[in-house]
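With chain D held as given, fit chain G onto it using these hints.
2 protein chains.
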Amino acid sequence: MASSLHLSQAFLARAVYLNSDRTASSLSSTSTLSFPTLKPSSLSRRRTATTTIRATAVETLDKTAEVSLVEKSVNTIRFLAIDAVEKANSGHPGLPMGCAPMGHILYDEIMRYNPKNPSWFNRDRFVLSAGHGCMLQYALLHLAGYDSVKEEDLKQFRQWGSKTPGHPENFETYGIEVTTGLIIIICLISLCYCEPFFVSSVMNFNYPCIFCCLGPLGQGIANGVGLALAEKHLAARFNKPDSEIVDHYTYVILGDGCQMEGISNEACSLAGHWGLGKLIAFYDDNHISIDGDTEIAFTENVDQRFEALGWHVIWVKNGNTGYDEIRAAIKEAKAVTDKPTLIKVTTTIGFGSPNKANSYSVHGAALGAKEVDATRQNLGWPYEPFHVPEDVKKHWSRHTPEGAALEAEWNAKFAEYEKKYKEEAAELKAIINRELPADWEKALPTYTPETPADATRNLSQANLNALAKVLPGLIGGSADLASSNMTLLKQFGDFQKATPEERNVRFGVREHAMGAICNGIALHSPGFIPYCATFFVFTDYMRAAIRISALCEAGVIYVMTHDSIGLGEDGPTHQPIEHLASFRAMPNVLMLRPADGNETAGSYRVAVLNPKRPSILALSRQKLPNLPGTSIEGVEKGGYTISDNSSGNKPDVILIGTGSELEIAAAAADDLRKEGKTVRVVSFVSWELFDDQSDEYKESVLPAAVTARVSIEAGSTFGWHKIVGSKGKTIGIDRFGASAPAGKIYKEYGITKEAVISAAKEVS
Amino acid sequence: MASSLHLSQAFLARAVYLNSDRTASSLSSTSTLSFPTLKPSSLSRRRTATTTIRATAVETLDKTAEVSLVEKSVNTIRFLAIDAVEKANSGHPGLPMGCAPMGHILYDEIMRYNPKNPSWFNRDRFVLSAGHGCMLQYALLHLAGYDSVKEEDLKQFRQWGSKTPGHPENFETYGIEVTTGLIIIICLISLCYCEPFFVSSVMNFNYPCIFCCLGPLGQGIANGVGLALAEKHLAARFNKPDSEIVDHYTYVILGDGCQMEGISNEACSLAGHWGLGKLIAFYDDNHISIDGDTEIAFTENVDQRFEALGWHVIWVKNGNTGYDEIRAAIKEAKAVTDKPTLIKVTTTIGFGSPNKANSYSVHGAALGAKEVDATRQNLGWPYEPFHVPEDVKKHWSRHTPEGAALEAEWNAKFAEYEKKYKEEAAELKAIINRELPADWEKALPTYTPETPADATRNLSQANLNALAKVLPGLIGGSADLASSNMTLLKQFGDFQKATPEERNVRFGVREHAMGAICNGIALHSPGFIPYCATFFVFTDYMRAAIRISALCEAGVIYVMTHDSIGLGEDGPTHQPIEHLASFRAMPNVLMLRPADGNETAGSYRVAVLNPKRPSILALSRQKLPNLPGTSIEGVEKGGYTISDNSSGNKPDVILIGTGSELEIAAAAADDLRKEGKTVRVVSFVSWELFDDQSDEYKESVLPAAVTARVSIEAGSTFGWHKIVGSKGKTIGIDRFGASAPAGKIYKEYGITKEAVISAAKEVS
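Top line first, the protein sequences correspond to chains D and G.
No gaps in the numbering here: position 107 of the first sequence is 111 in my numbering, and each next residue is one more.
No gaps in the numbering here: position 575 of the second sequence is 579 in my numbering, and each next residue is one more.
Here chain D stands alone, though its shape is the one from the complex (with noise of 0.2 angstroms):
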């Protein structure tokens, strides 16, 4: 047995190496391994201690051969994720194989975390953007201790009800929930249990599990640079001189994939452009997409790119065993502090195996029983599948009481803080917390029939700006368009390299990134209430980050300007037809339109109570004005009664409009009214609000007696029939818009009175 030092006095020894600069002396040629740490008692200026052991072989079966703990402990997690997917019959093992040696070091050596609590605030955020890789987090999270991937969980790998993936129908269980599909994005506390933390005195953790998302290809290193971002504007707000309160590193390792996509190069060019040097990203360089090698359509020089962006770049020529390189790469990138760095590691997918490595066949299919023997076989590693062992479980075990140790100083710090910064601190637990003063509605406008006209673009300005006194943690802009969507918080400045503790952000023409970003935003504390804009008709441009936001529960607000053809002249690329259906029929998105002041206030209100469920606001270009019967009570019901002249709830017809459209319902119903007729019009701003409520009071507002009802929107009629029933008219628009003034191509498309009456006398 060569190792000459036990992992509990190795554990020892780190202790009195503390506060030590990390030193190279190795007291073995051949089997030494150094553990970089931190020091519990100086977080606030993070100095790493190095100890060097002797790896203990206490489980090597072949006794004459001598493993490094580290390479170990890396194969451990290569046949974790390989036994894992082998079970399954299904996953993606090349990644976990080719990135354990990154994957290891950042988890055992650099990050700071508590595996016992995975939302506490000042982690060390990662994120798997090349998530089909997430073997290799579950791995990793279980050896630091995590309980939420026990044995059991990874032997369930990709299984109905498992953690690891689970599935989505408890969204009571945050954490649980994000484990499930292949996951791209996860954190530190993307597996917990989740239920609700109670930390400390101090952090009253009432959204316990928020850290947590999955998204395709591209979305992750979005992510990451919104979780960067908002710890860069939190340390820059909060943050004094005599203490860091604020002060986490955000990791992502992301592939040859997300390196393609668009989304990519959006959010680096913003992380570069706003030097966020506390993002490191490892770009896990291995050559092969599903396709095969990505010579076939990936040359371009990403290092040279990156460059052009803004960042520091860092090339470890051997990711498969370098782990010194790779540290050394760590440390270089720590000491860059005004740019982000990538990191490109050129590893081997599907290191190991003896002849799959290095091919596609190993990127997303199990490497079959002679395979996972041959592997075995070639890097010495006896044990029966999932095994992990003594000494491996041994050594990662210190990350338990360390981590408790990293979280109970920096509660203290933030005690001490408390007493000395007594309102910031308010201010920052309300972000950690999402603590909303009491009487924070009572900053929403209100409007009455004889407030002037206006667009609900402007009035969404005014409440955004009401909403900014009260929350602190409300922050976000537009895509190049915030003169146009209204969304500048007038009392602060623009969130910049040298003003990260501004609130207005400036995303350029980058609406997917904007949404990524926004969701990393979201999910870095649950206080955070981010919002972003654009014009509705480009939500097309970000679909796939909003979908996220409502898969993985990150309530960002989406401020959708020039919602319709009203916006006139710009034409018909720029007028949303299917977009309203398109949102509705998307699960666990709030889809709002609301008619006016009080309805665009009822909104905001909607928004900000939802936290798990992102809002997507439509608003007009054009002025509409100020209707009878809204309320932002109203609201909060998805569809309400702004006016009725029937009684026993039996009207001749019911006319039902939403956004700019309720406007024409109601002076429909006026005509009507003189007529003789009873009427009965319905705002329905947001149906899937008016779907949770009761029976009951559906059918207060929607009769099943009575089919005479007509709907108008000037959006595709798509679902409306769901609503008007059989017998009910729908009037919308089922084509392209087109270019000329709005009240031109309303006419034009009879998105009229006229044409209301004409239905309503058709149908009753």
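Some hints could be false.
Since the list can't tell identical chains apart, any single copy or any two copies may satisfy a pair.
Claimed, not checked - Here are the simulated DSS-like pairs of lysine-lysine, each with C-alpha atoms no more than 27 angstroms apart in a straight line: (1) K765 / K726; (2) K681 / K654; (3) K702 / K765; (4) K159 / K748; (5) K757 / K681; (6) K91 / K748; (7) K159 / K751; (8) K627 / K91; (9) K748 / K154; (10) K654 / K731; (11) K91 / K751; (12) K757 / K494; (13) K731 / K702; (14) K726 / K702; (15) K726 / K654; (16) K244 / K417; (17) K765 / K159; (18) K423 / K627; (19) K726 / K424.
Derived from the structure by calculation, the hints contain no laboratory data.
Every value quoted in this text rests on a predicted model; they were computed, and no experiment measured them.
Below, chain G alone, put in the same frame as chain D:
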């Protein structure tokens, strides 16, 4: 009067100088200009000829000022834009004012086109990716002699029913339709009349005006990549040592906004990878976007990024007046044949406006009467609005005879080519004119219920391979999922830099660019039938491009596999839910979800026969049986009965399914019939096609009297109430998917025969 040579003389002079090399000599040091031009009689090896003349100033009111004709032409372009935007009080004058010099040089000196036949096959293509500046192109087309943009059209800019832009009601009139909205990409033909052209006995333009497109930012450059790909492909396939029958350039102007969009990086990475040497992009580097200076969000090094992407990069520092710099850059770009070229042209947005130039205020709003006057003063422009000085008019008038000569020469050349290369000529003609072989449909495979079950993605591949043999314009590929989407054409190799004659395109993980590139291919020549593929859920990444396919009538075939929870373990990020509904709501899309072999063949038949509508095929990962009663003819009706044991068009219940769930509906029907019920099973493969049928036909499939209807589809129920009516039942999925083997998810989500039977009993 300083000019010593009249334009008519100048035009004559050019003929004399044809075949001579470009000379730098000038006859006058103050007002000389050069006209590099093309020799109509030597198109196969372009050589530029030059003559120098002095400007005529017949209409210069201030006779003391000498204005060169080029400058005068450039200012004409500027003021046409200024005046049109001013009259409309809406639009973007800034870009035309800054880009007028490069626009002038391209249209007047460089490009080969025939204004009287904008659809001439071998014309140079031009794409205005930064298309909010569409008045630039309107002005150029007007000067160049296109009949589509007369003076009165310029005066109707952005008005209802105008041609600049018009409106999309008249889908019959190609070109007119594409002028609507905020035009982002238009080509030479995009504003033309588009009556069918019968250009010569050789060219029968059944699809006369195919080149047109609109698109939000970033898509234009991707379309340009598609155009250049198409040229490179056709040139490699059809050119002969003695005849370069395919030989044109693709020019693009893109702005800062295009550069920020991720899609442009995706597309340009591919352009570099493919070495598209005849793609020349002008980057209008004006430092202004809507929100102000690009410094606020866009500080990357664009030159370096493009070098990283494999482009040749040239910087023209003075784009405002540096005509010779621009000319030299184009010359250099043409000399680089193995790489696309980016010419960064630094311009001043709103050049000439004394108070608004170089500010965002000139980007998207009219200058205002006062500033228009000041600009007239500043640029020495004494003319009335919309006036084109006679000398400018006269100068541009030569493009009509020259364009006709260019085309006539090409036609003669083609006639020669056809004599020598009969087969190739026939194939090329088929691509130019979309001539489908008489018996092409016979290539489609047919199936019987005895044919073994198969996944529709596999059946799709059989169709693609069968069609590739008979449709010379079929070309396409996948976004790194060829082996999952099953899209490889087995008889062809990969389209790559060195093998551009092949037809399998490898797009890498770049869905958005893939869609927009296919739009470009489709619009290059009507006989191109581009297809592209990814997982159905990732249509979210390319939705903006699909919408543009629909809007500009590009008949791209979207091969979208893994179309439901039926894909199993990959989980909710990969499982489409709302996607069918979202495309059914999108105008002009054919959303097809075939259930088996015959329906897959029928879907391809529909796709090929609808060149003006994009078709989206939603295909299964899992095997599906070939069902009795399905047919190619049935698919063409959109919805049709596959089995019925009732008589008199009065079944007890109608079961309606699509795709993989049609099998479930059929099985439920079998059981219900055993219990004595009369049951009709309807396949609802395409809602849009069903909508197009006569009322009689619809009644024959879904009789109004039968309200007992049940739909089943493994996707959102959104929209289905229109089909099943108020008394019907919908079986579907209105939440996100889950990760498990497919059969398990179907069961847990209630997408089962039992659920159909139970619902059928409830309603009947």
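Quiz item: What hint numbers does the structure not satisfy?
Solution: 12, 17, 18, 19
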